[in-house]
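There are 2 protein chains.
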Amino acid sequence: MAARASHMIGSPIDSSTSLLAAQTHDIVRFAMGSPAAEAIPTEVLTEIAATELKGADAFDYAATEGDPSIREALLRALEGTSDETSADRLTITAGGMQGLDLACKLFVDPGDLVVVESPTYTNGSGTALSYQAELLEVPVDTDGMDVEFLAQEVERTGRAPKAIYTVPTFQNPSGTTMSLERRRRLLELALRWGSVVIDDDPYGLLRFAGTDVPTLHELAEGDPLVFSVRTFSKIIAPGLRVGWVDADPSLQPLLIAAKQAMDTCTNLPAQRLVAGFLREGHLADHLVTQRAEYQRRKVAMQESLSEHFADLAHWTDPEGGFFLWVSFDQPVDTEALFEVALAEGVAYIPGNAFSPAKRFPHDLRLCFASTAPDRIREGVARLRAAVDRLRESTA
Amino acid sequence: MAARASHMIGSPIDSSTSLLAAQTHDIVRFAMGSPAAEAIPTEVLTEIAATELKGADAFDYAATEGDPSIREALLRALEGTSDETSADRLTITAGGMQGLDLACKLFVDPGDLVVVESPTYTNGSGTALSYQAELLEVPVDTDGMDVEFLAQEVERTGRAPKAIYTVPTFQNPSGTTMSLERRRRLLELALRWGSVVIDDDPYGLLRFAGTDVPTLHELAEGDPLVFSVRTFSKIIAPGLRVGWVDADPSLQPLLIAAKQAMDTCTNLPAQRLVAGFLREGHLADHLVTQRAEYQRRKVAMQESLSEHFADLAHWTDPEGGFFLWVSFDQPVDTEALFEVALAEGVAYIPGNAFSPAKRFPHDLRLCFASTAPDRIREGVARLRAAVDRLRESTA
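In order, the protein sequence lines correspond to chains A and B. Going by our numbering, 130 is the number at position 148 of the first sequence; the sequence numbering is gapless. Going by our numbering, 295 is the number at position 313 of the second sequence; the sequence numbering is gapless.
Everything labelled a hint here was simulated from the structure, so no lab data went into it. Hints may be right or wrong, so weigh each one.
One copy or two, it doesn't matter: identical chains are merged, so the pair holds either way.
As the list claims (entries may be wrong) - Each computed DMTMM-like pair below joins lysine to aspartate or glutamate, with the alpha-carbon atoms no more than 20 Å apart:
1. Lys36 - Glu20
2. Lys36 - Glu25
3. Lys340 - Glu116
4. Lys340 - Glu163
5. Lys340 - Glu317
6. Lys340 - Asp123
Take the sequences, apply the hints, and build the full model.
Right, here's the structure in full:
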């Protein structure tokens, strides 16, 4: 047990108790990666609940691969998108996180090499660690994962990865998007190595600037080595815990067996709520509203950063999603800064939390999605005050 | 991947597609281990939904250890019961199945020996297999797991189990209950060997005859080696996927980290529904009604079995829960019988599905909970007709 403990994740992010507690009162919330409270269509969902949950079976077990209601509505909703798929490739999951757990359960054995981005979503890398993977961190730049670095590293060590875990679009935490060229190159390398690509794309539908890049799912054209993980957490509501996996049909029996041994099935009331939401056509309108609002918020954050941090740091310029990534030009210990910032009334996540090797001591992630523009400006000003206080106290 | 596939469960039970499909139309449902449709308090839950889901945060991420609403209501509901516990021991899970997944993730490493009952709930043993455990099947008789057989086996082989998985009360699938004496002896042996006892007790609150036996949780008096898994699936509704784990406080950080890497948190709307159900005091009344109804159904099944199978088989006499176990006195291939029975209009689960080593070719599990008494009588008569047809065709 003690030995096993060391394989668990080090820095749980999102919904950790301390962050939830920290985000009461007047704290400006840049930490959690959740949609804005006002972005969650609570009223529509409650209305749908009044009809969808009245069915005699609405609280019974669901089929492990997902309730027919949501499977049909989802297949239709994806038609013509970069994630269009078919019933034999689709498994409904308890959010994207369970999709990652399934991928690792199927593909990762103890000692296997798993590539992760650096920085990465450490709940994802943590899942790989919980299956006792060895991790290789590959740097991310403004075009996403540095695929040539990965190619050279594999050539140098002679050791091909079992799986490559990527958040290619509006990456968590950096906000950057992998270019089309790199996507093609990554698939080419994965194919050559026989590596599974875990294509985790929770934010792709939240593009508010620039032009769409095809998903790895679409580019792979059904190649069995690409395992795509999707979720409704960021586009409808995270508390529903409903997502899906898109994988080669040959994997479906294994996915069903593995999910049976995890949670039997995804909670049915939430599947019915999502099915109703899709069937009644709410998603398209909802996304239009959200994209516009998230763009407004990103712009507010960029402007505030330019106002308060131009002399101290640089940051990414995401074209969608929830996050941007701030890197200090001179060392600022963002773990030490955290407590000071909380005292000043602003919360964020320190860069170290996004690297299994703790590589980003002078960086931090800001979520611009959860906070209205005026509060964003207030929060960024508080963050600058916190940096100044920390530098004074350590000068 | 191919190698990994062999570690997955062989016979998923409950909510498999073929069984769901088979249970449409006129089929009498003795297969699935779900509460009767009329036993699920759909109306009350829908009413609670109308108020509880209106909160601004009802669809947001929940704390990984569980939403305060359900944690508080549950601690209060358990006061004075054999499962009374404290906040530092409590983690809310996505049903009992995730509790088993958490137990195995924490305690089971590849090659570890895990004891399971024979017959057992193979979704539970399947989880252990998915962590590459070696299984030891220990027979069950009318007093539950044969603990002395286990003691002798460990002495004979000199190999102590890492974990012992038991459903001690109204066992799935046999319906039998481990005696107080065996519970004490099992805890004594586990303590001596340093084995974790995975105490999976989903049916304990559904006693309709006989007298209560203290849970392993209560008998263990907080011993860190006892890991208790509970669920609302059988006493409120399985589709909610809400349960809890009761474990030593030292394990809570590990449980939170492990659950983060599984599904981030349990779906919040369902937690709020259960919290409302508990807080408004519905559970006690609901259990009184359910116990009386399940007793009526069990009696109906026993009587029908006596009428149709007295010359062919014997069966268990559960004092609660959902299941009884039928053993044919002369060989009747219950896998071959399955298709014939479906054609006759009755579904059950063959005994083999409850043994990783496929030990029960002439047994079957009947769920008496899902079906009204008159339909139970019809189903048992159909089952006898199926047996006669099978015997004719193979004579």
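Checked hints:
1. Lys36 - Glu20: between (26 Å within a copy, 12 Å between copies)
2. Lys36 - Glu25: both (17 Å within a copy, 7 Å between copies)
3. Lys340 - Glu116: within (15 Å within a copy, 36 Å between copies)
4. Lys340 - Glu163: neither (29 Å within a copy, 52 Å between copies)
5. Lys340 - Glu317: within (11 Å within a copy, 54 Å between copies)
6. Lys340 - Asp123: Answer is within; shortest intra-copy Cα gap is 17 Å, inter-copy 54 Å.
Figure legend: structure checked against the earlier numbered hints; the only hint not met is number 4.
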